[in-house]
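K.L.:
Sequence:
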Amino acid sequence: MFSQWNGTIGIIRRYWQNYGGFAAIITSPYLHISIFLLILTIPFWFYNKWWEQSLSIIPSILGFTIGGFAIFLGYGNDKFRSLLATEDDKGKSPYLDVTTTFLHFVIMQTLTLAVALIANSVNAIPIMEITNANRCICISTIWFLLGFLGYGIFLYSILLTFAVCFALYRLVCLYIKFETIQAKNQ
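Counting the sequence shown from 1 gives a position; the numbering used here is that position plus 234.
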């Protein structure tokens with residue numbers, strides 16, 4: 235049983251290292267834009283059931299992402315995929331970079347769904363019945379933080395669509411160079 239956990243933890247560590255860790259997220263323009271959008275949309279997510287939007291949009295994007303990832307895995311010919319999969323001296327490859335980008339996209343979408351499901355569940359609890367009026371500020375603060383986190387991850391996961399598209403665009407540019415070199419060598 236614990237060997238399965240070790241394998242899972244090991245692959246998560248490798249993903250996190252390949253992605254660039256916390257520094258890559260903090261410096262991401264997609265995170266910065268999502269925070270800006272989060273601030274602009276406070277009236278929506280603070281006063282409305284923001285999780286309904288997450289639960290209605292993210293499953294479609296997640297399905298599209300997994301389909302796009304499957305297409306990516308079969309992209310190009312065997313020689314090109316082999317070239318992409320060749321690691322440099324730092325253990326990185328274009329193939330691994332695009333795969334890591336897709337994985338991060340899927341993780342953020344799945345996290346968005348999980349937080350939205352938790353918010354939906356918490357919303358079902360009649361909070362005022364189980365708390366007294368003096369705790370209202372505490373409940374509002376918790377609700378604000380849950381909305382901030384949940385809707386923030388939702389916006390970030392949507393903006394990561396650009397990251398995946400740009401990663402695929404870089405791949406296409408590499409493929410064009412590869413094919414151009416192949417055509418010149420024939």
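Careful: at least some of the hints might be erroneous.
Unchecked claim - In silico DSS-like pairs for lysine-lysine, Cα to Cα no more than 25 angstroms straight-line:
{"hint": "1", "residue 1": "Lys-326", "residue 2": "Lys-411"}
{"hint": "2", "residue 1": "Lys-418", "residue 2": "Lys-313"}
{"hint": "3", "residue 1": "Lys-313", "residue 2": "Lys-411"}
{"hint": "4", "residue 1": "Lys-324", "residue 2": "Lys-411"}
{"hint": "5", "residue 1": "Lys-313", "residue 2": "Lys-326"}
{"hint": "6", "residue 1": "Lys-324", "residue 2": "Lys-313"}
To be verified - Between beta-carbon pairs, the in silico distance windows are:
{"hint": "7", "residue 1": "Ile-300", "residue 2": "Ile-269", "range": "49 to 57 angstroms"}
{"hint": "8", "residue 1": "Ile-260", "residue 2": "Ser-294", "range": "23 to 31 angstroms"}
{"hint": "9", "residue 1": "Leu-351", "residue 2": "Phe-256", "range": "22 to 30 angstroms"}
{"hint": "10", "residue 1": "Phe-280", "residue 2": "Gln-416", "range": "22 to 30 angstroms"}
{"hint": "11", "residue 1": "Thr-395", "residue 2": "Gln-238", "range": "46 to 54 angstroms"}
{"hint": "12", "residue 1": "Phe-236", "residue 2": "Thr-395", "range": "32 to 40 angstroms"}
Derived by calculation from the structure, the hints in this document are not laboratory data.
Think of the CB as a built atom: it goes at the ideal place given N, C-alpha and C, for glycine as much as any other residue.
K.L.:
All hints, please: hold or fail.
P.N.:
Now the hints, each set against the structure:
no.	hint	verdict
1	Lys-326 with Lys-411	holds, 19 angstroms
2	Lys-418 with Lys-313	holds, 16 angstroms
3	Lys-313 with Lys-411	holds, 13 angstroms
4	Lys-324 with Lys-411	holds, 23 angstroms
5	Lys-313 with Lys-326	holds, 18 angstroms
6	Lys-324 with Lys-313	holds, 22 angstroms
7	Ile-300 with Ile-269: 49 to 57 angstroms	violated, 27 angstroms
8	Ile-260 with Ser-294: 23 to 31 angstroms	holds, 28 angstroms
9	Leu-351 with Phe-256: 22 to 30 angstroms	holds, 25 angstroms
10	Phe-280 with Gln-416: 22 to 30 angstroms	violated, 56 angstroms
11	Thr-395 with Gln-238: 46 to 54 angstroms	violated, 32 angstroms
12	Phe-236 with Thr-395: 32 to 40 angstroms	holds, 37 angstroms
Checked against the numbered hints above, the structure violates hints 7, 10 and 11; every other hint is satisfied.
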